[in-house]
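Respectively, the protein sequence lines represent chains W and G.
To convert, note that position 196 of the first sequence is 196 in our numbering; the numbers rise steadily by one, no gaps.
To convert, note that position 201 of the second sequence is 449 in our numbering; the numbers rise steadily by one, no gaps.
Source of the hints: derived by calculation from the structure; they are not laboratory data.
Glycine residues also receive a C-beta, built at the ideal position from the N, C-alpha and C atoms.
Mixed in with the good hints, there may be bad ones.
Said to hold, decoys possible - Label-pair distances were calculated between CB atoms; the ranges are:
id, chain 1, residue 1, chain 2, residue 2, range
1, G, Ala271, W, Val66, 24 to 34 Å
2, W, Leu59, G, Leu366, 29 to 39 Å
3, W, Glu210, G, Ser302, 45 to 55 Å
4, G, Leu281, W, Leu7, 53 to 63 Å
5, W, Arg233, G, Thr326, 34 to 44 Å
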Amino acid sequence: MKRFSPLLVPLAALAIWEAVSRLTHVSHELLPPPEKVAARLWDGFANGGMAGDLAASLLREFAGFVIGAASGVALGLLLGLSRAASRLIGPLFLGYRQVALFAWVPLLSMWFGGGEQGKIAFIALAAMAPAAVNTWRGTSALPHSYIELSRVLMFRPLDYVRFVALPGALPAILTGLRSSLIAAWLATVGAELFLDVAPGLGGRMNEGRETFQMDLVLASVVLLGLLGLTFSRLAVAAEKTLLKRRAT
Amino acid sequence: MKLHHGAVRVVAGIAVPLLLLGAWSLTAREGWLPDQILPAPGVVRATLKEFIASGELLDATLISLERVAKGFAAGAVTGLAFGAAIGLSPRLNRLFGPTFLGLAQVPLLAWMPVMILLVGIDEGLKVILIGIASFIPVVLNVAQGFRDVPPALREVGAVLLFDPWSMLTQIVLPAAVPSVFTGLREGLANAWQTVIAVELFASSEGLGYLMSWGRQLFQLDLVLAVVVVLGVIGFALNWGLARVEGRLGRWQVRPA
């Protein structure tokens, strides 16, 4: 029985939803019954181009994430390993972090346009900060003796980064990358809602809202949630594998 | 020597921003970039002054802050209650935990079209979305904090024959304070992020709206002026929270 208890609440919620949409006078436009949302999702994939939207959103997210995470880790390494850099750029970076992320949407859309470039720039910006902060924290927390040991072994700076700093700060970096991935996913939805209409799940939701198709909107929410779940599962699995390899 | 050290830090810290400001002025003066892409720093300063003098900036700021306060209060109170419930009772956690975690995976902004259809684009929409944004981190951290009370502390309570109420107030709550605070801080940060996002999308007032209006008029000076204001408010929020946290840390109980 205990094994099934996590299913009780969702099932009860579905039953209530079904009952409310069937037995009361709430219009099906406002609250479509669950099976209609499921049918819409199925139909969307079978012949509604939802697969294309999904692919477009994922591609966008991935492009932004790669650019943002890579530059974030690089910035974090620089800040964590060079005292001069952390003195010079650290305060500027911390100042930048005070500004709410979405405040950059209007600026980026002017600089990069509301099309693909603007969207990817915003996603990259969203992914950059968590990666940078965690990498910075992780590398600057490395014991000082590591540096001394590397000096004794006459490591070149790049060797120190490769053999000591990166593996040493790996748990922190991975935590950062996981937050970056989640931030990038949120930013993808945000960019698709705020910027120019283009294929993608956010655009599809907007269309559903404008044409008052609640089933389409809810189908997109389900899909976005499932993807979010997949991302965090994948990130945790990747983290485990990488950290296990490091330990051996 | 110490003063000298601190002075070096400050100088180093403002050198790069000053350099950037210089480059920005130069770019504007030489006309390398059109005004719609990068207005001169002086123009941004003038706009900032003008909007402060007219009171528009203050009004917008107060509206945004009021929305944050309402949404955060709603999200934090419900989040504390729900987080405490699933943190204290393994049975409730089995029932509601997975559903909550599943729903928390939906990117927050995806709820916006749903909520617009359900409640329209009035104040309710903002309060609900900001509420959800603060609810999630509060629940996650509060539940974790209640679950992770060190067993040693619980044993002390058991030895002292505490009844459940004293156990809760004397042992569990004080031990969970840091996590509760982390949750509230993350919740407030999320609320602040969300108000700007929602106002950009669906509002006719507030700082986010002021930015999207500036963009529609191709007035980047206004957009940049609001960015400055947002930075100042963000800084003030973090500073205030750090002070509160420092105070709480002093009386936090730690198992030996």
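Structure-based check of all given hints:
no.	hint	in the structure
1	Ala271(G) / Val66(W): 24 to 34 Å	holds (28 Å)
2	Leu59(W) / Leu366(G): 29 to 39 Å	holds (31 Å)
3	Glu210(W) / Ser302(G): 45 to 55 Å	violated (34 Å)
4	Leu281(G) / Leu7(W): 53 to 63 Å	holds (58 Å)
5	Arg233(W) / Thr326(G): 34 to 44 Å	violated (27 Å)
Against the hints set out earlier in the document, violations occur for numbers 3 and 5.
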